[in-house]
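4 protein chains.
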Amino acid sequence: MANAATIPAEQTATLAPKAAPHAAILGVGGYAGGELARILLHHSKFASTTPTFFGRPDESKSGTLTFLEDLHPQLATAGHRRVHQILPFSWERAASSGVEILFLATPHEQSREWVPTAIAHNIKVIDLSGAWRLQHDANRAVYKLQDANPTHAAQLQIEAVYGSPELHRDAIRHARLVANPGCYATSVILALAPLIEAGIVDVDHGIISDSKSGVSGAGKAPTANTHFMHAADNLSAYAVFGHRHIGEMLEQLNLTTEQIQFTPHLLPIPRGIMSSIYLRLKQKTDAATISKVFESFYSNSPLVRLHHTPHLPEIQHIVRTNFCDLGFALAPDGRRLLVVSCLDNLLKGAAGQAVQNMNLMCGWNEEEGLL
Amino acid sequence: MANAATIPAEQTATLAPKAAPHAAILGVGGYAGGELARILLHHSKFASTTPTFFGRPDESKSGTLTFLEDLHPQLATAGHRRVHQILPFSWERAASSGVEILFLATPHEQSREWVPTAIAHNIKVIDLSGAWRLQHDANRAVYKLQDANPTHAAQLQIEAVYGSPELHRDAIRHARLVANPGCYATSVILALAPLIEAGIVDVDHGIISDSKSGVSGAGKAPTANTHFMHAADNLSAYAVFGHRHIGEMLEQLNLTTEQIQFTPHLLPIPRGIMSSIYLRLKQKTDAATISKVFESFYSNSPLVRLHHTPHLPEIQHIVRTNFCDLGFALAPDGRRLLVVSCLDNLLKGAAGQAVQNMNLMCGWNEEEGLL
Amino acid sequence: MANAATIPAEQTATLAPKAAPHAAILGVGGYAGGELARILLHHSKFASTTPTFFGRPDESKSGTLTFLEDLHPQLATAGHRRVHQILPFSWERAASSGVEILFLATPHEQSREWVPTAIAHNIKVIDLSGAWRLQHDANRAVYKLQDANPTHAAQLQIEAVYGSPELHRDAIRHARLVANPGCYATSVILALAPLIEAGIVDVDHGIISDSKSGVSGAGKAPTANTHFMHAADNLSAYAVFGHRHIGEMLEQLNLTTEQIQFTPHLLPIPRGIMSSIYLRLKQKTDAATISKVFESFYSNSPLVRLHHTPHLPEIQHIVRTNFCDLGFALAPDGRRLLVVSCLDNLLKGAAGQAVQNMNLMCGWNEEEGLL
Amino acid sequence: MANAATIPAEQTATLAPKAAPHAAILGVGGYAGGELARILLHHSKFASTTPTFFGRPDESKSGTLTFLEDLHPQLATAGHRRVHQILPFSWERAASSGVEILFLATPHEQSREWVPTAIAHNIKVIDLSGAWRLQHDANRAVYKLQDANPTHAAQLQIEAVYGSPELHRDAIRHARLVANPGCYATSVILALAPLIEAGIVDVDHGIISDSKSGVSGAGKAPTANTHFMHAADNLSAYAVFGHRHIGEMLEQLNLTTEQIQFTPHLLPIPRGIMSSIYLRLKQKTDAATISKVFESFYSNSPLVRLHHTPHLPEIQHIVRTNFCDLGFALAPDGRRLLVVSCLDNLLKGAAGQAVQNMNLMCGWNEEEGLL
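Residue numbers (my numbering), protein chains in the order written: chain V, 1 to 371; chain A, 1001 to 1371; chain R, 2001 to 2371; chain H, 3001 to 3371.
Some hints could be false.
Listed next, the in silico DSSO-like pairs over lysine-lysine satisfying Cα-Cα at most 30 angstroms (straight line) [as the list claims (entries may be wrong)]:
{"hint": "1", "chain 1": "R", "residue 1": "K2282", "chain 2": "H", "residue 2": "K3282"}
{"hint": "2", "chain 1": "V", "residue 1": "K282", "chain 2": "A", "residue 2": "K1282"}
{"hint": "3", "chain 1": "A", "residue 1": "K1220", "chain 2": "R", "residue 2": "K2220"}
Hints in this document: simulated from the structure, not taken from any laboratory.
My request is simple: use the sequences and hints to build the entire structure.
Below, the structure written as structure tokens:
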């Protein structure tokens, strides 16, 4: 339903199935970077080829880079506390160590700057930032990105595939550049895509997503908002009518800003997102029909779980999993529909979905290492 | 805007201003009952006349009644740990101790049964349950109430005043029976009443209240849902399209079930409610106009605080206060409005509002003892 | 250092290495049972042989048994929500389905009753309750156990191996009956065993373990103590001088009740235990010596992680892992030692340690499926 | 038992009873400052004389000072959201507005610098920092304080009264400078002072305080440790053998560093401290004797609550109160004693105790405004 970029034939050869590429993570110190490291270290395809862990350039300069286990103590194994060194990043080092696929867990400015260089070095990229997700300049404006070579960047932007496997599975398989979706955006898009594609939503009535996220979504930097005293025992709405994930929803769901309203809230929990999505159907419909729409759309999607009425997803069921859980409740009038969507913002909303994309790019089962 | 019952003249004499009546709380062991006790013990008008604390009959029978400080240790004062005895309830005891005003913090079945007897004993009642809040039998059906004397109960029902001081201040002053509102209902009604009264809401478009409450709202009984392991680090929707507080919203706001949709969620915090309310205005409006509607409606309401754009209420700001905080955000199109309403479910949503009603019935300032 | 029971030769043949036995879990509905199911479903040796899941007899009778995914929704896989049926338990069913190794996640009374029958059916048992952990009648008295055949039970008791792999690795390999340790006991015993074995602790001075546990340690039954409103934002000590895990510490560490004092506290978190253990050394010692004692004792223990001064374990680092993390701080006087011990009460303190024991009984690496 | 400084007669005249002095708070933006403001705004003696609120000089310079209600939204009253202006501080302004008593909620360096000036301006001071609490240079060294006029500072230091009303009630009444105790120190000192004064503690055996505090104790500055993701669902020990509150315990309890060991832990809750204190009695004692020691010591202390065996204090019972709750458990041997002490670190551990001191300095009941 969304823009699967046209891909020149010479770029589309997938990596040979079953052969693990040399993967690297750039920005392994953050929450998503740590989850990426954890998943890859337990991924069956990487049993013999450990990924390379790079720090961000600013971290490299300050000389604070040490070992993965120092930054993420829960990853330590017995006896040998410090196994995985974090290397200062340089393109020379990346090239000389033969990196073939690079996860960017970096701020969007850095991702925007580096992706062209990576592609020039023949390195495929899965970018976890917002830098390459949006095709329309107007939507991307919120990120205030600057390109050294605007023409080349524009070409790459067109080539970039929005990394939602449930929507763009084939394009991802052949992509050189995957823009991994935002966490909130994933929760909303996966809930709405089947219904909108089925043509049963009265989009002009207006869709509302009242979304709530745990604190890890706000990142690792200590701020007034991430202070325990602000976040604990609290709930607050923020970025009302102005959150930067809205652009992804508009582009992926073909909606206008008047057709969808998105309100994020900060939950007093470490991780997990719930989106309570309200919409009106074009005509009176029964629950079985709705179920069928979801089941049909996700019949080949191992990382989406459908709940059956009257069961609705809860955050506890998806925390520390790579699933997106979906459920719904239909009003007695058969017109007003509530869809509830839950996922772990660091996994299906970030690192897990990134690995799912890597699996596709490598010709593996998309759920490899994610169950 | 709602049904202020016609009150026969002979029933309307308020208690003499400034004279503290003999008050009693029945059901002091629960969360709301404990908050009621705390407020009254610190209420300036009760500095010399301590209220009487009654246990519920089932508690009285089991002989487990002891002292207020045993049930609510945070209420203990130094040295004398056990000061306030909890008495087994009987009408004889209530009459002989001269109770004039009775708070019922009891299950709705009990409240329904006892109110007629209390009124017959010339005791005014503030009932915290749902037993007497609803005028329409269809709305009240969800409580499955049974009346020994249906005719008399129907008369009392008509006489009962819905205890929302901001809506029914005058009727409450003269009431014998005040039905204290539900916590969720209060948060929604106070957010919507000014806008609906002003006639600017497109109610037929449909109003949505996505509401979230702390666990104390689920009561003191240990259940699978109130178990720490279910509630902590979680968020779950429940009673979708079927919560029993909806009837109050319909009656107080003059809405139909198709015009408002209410989804409660269980928050992993002890107390506090936030309702994120979505509605459409009949025509393009600016924020200043919305502000004026709220300010005008609440100009004489000391327990409602209005936030000014872009500030929105947060749960932390109202926990352990008797305020309802209101704020809003208007879409650039001037049509789509988000109203955020926060209150403490045990205070403005229960015990605090009950005391506010008592203050009115006694001819005192409504905020007495509540700031 | 503790009582490795003498084991008759004919009982000691281990299961053939690499062959996965038919395993069953009895009591899969509780927290530990759910974790056991999760671990076994992802255990490489059980890739082709799914364990059997039995409900407890009382659950079987009530007919409420259904599917694993209903009780533990986070275990559901995509598409097929209900895969693993929970069977009503009977010895006939266990025998006919060829169960060779049985995990008992049952109350201690049931475990005491059933173990003799299981052994008679030639089924090896790993019992997660306290029923078989204690060799001394005086210590076991707290459980108020009753035996149908006291003589036989006494023999089995002597044969039972205390399932602490780091202390009794060899005995576990050949055991028919493993008594899986208590969660608190594990945290204290693993912290103290190396130091006491090294003979450097002044045990007569008195050892103090100030321990804190998350709420899952209190079990799944809703009670006043596990109610969110009691547990959240709180800390409380309980069972002071009387917790039933003390007996395990006494027996495994060869201490008297005067030599160790244990105070458990309830933490407002779902899972995790920290024990802060205070002791005095016989003579002035340096930190390097202490480190060496721990390193030497745990050199072959893949599921114990040692922290190096000044780093101390934190609960966050061990939650949802199968590790016990140990660290220490030595006073400037070289005599007063603080040892900090952290583990996940449901994993290394229950289900994880149970699987570690199973791995040993099957001749596999003890960390198989636990990293 | 501790050093009640000798006070020259001409300095000891208390303020005339019942007359409210002009009070000011310097540093009203922090947690303790906000609690101070809240208490004084509701204090009956200040019903007609509002205190003055000063920002810290660095806040004044940056021009960010505005209104109390902006910094602490829960303090707002209806209608008038912004009532209490925060003034930039200067001695001229303080003098011209006639400040008689000044609360310093400032970093210790600032408190050390300003107290001499305040005293020179004839302003009495209650300092909430650690700057003036310690008489011994060696204990105070941890704060790295520098004095412009060391001789004068030394004189003031001798004059400073340690603001523990239960220990130094009379000295506080006549003090010009009260050094308000540390939160942890208060919890430990109030638990131990009665027992040590009674001479029944075997102090040479060693006393251990295993203490746990909520996150507000770490202050308002966002740091890696106060980030929600670090503090939530966690427990960690810190500053082992080196916390700066130890000096207060040593001086107030006349102990040596070998006689007491103090381990603070960070609890995943906003506020509240529990100290679990382990000690040995000189000889076998019964519980009634212990009770009598506490009751006798605190017979005139309205802000200490004693729990009777087997009840122990819990954090929930003291949060948002100005009490210190004490309870104990005695081992069957009659020698090993556990004392549990709980208080709210921002109230009895900071702002509440500061107001208690002010009450004494003003000749009022010490609990005025604190119940």
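Okay, the hints, checked on the actual structure:
This hinted pair checks out: R:K2282 and H:K3282 have alpha carbons roughly 22 angstroms apart, not beyond 30 angstroms. The straight-line distance between the Cα atoms of V:K282 and A:K1282 is roughly 22 angstroms, inside the 30 angstroms bound, and the hint therefore holds. A threshold of 30 angstroms between alpha carbons decides the hint, and for A:K1220 with R:K2220 the separation of about 17 angstroms falls inside it, so the pair holds.
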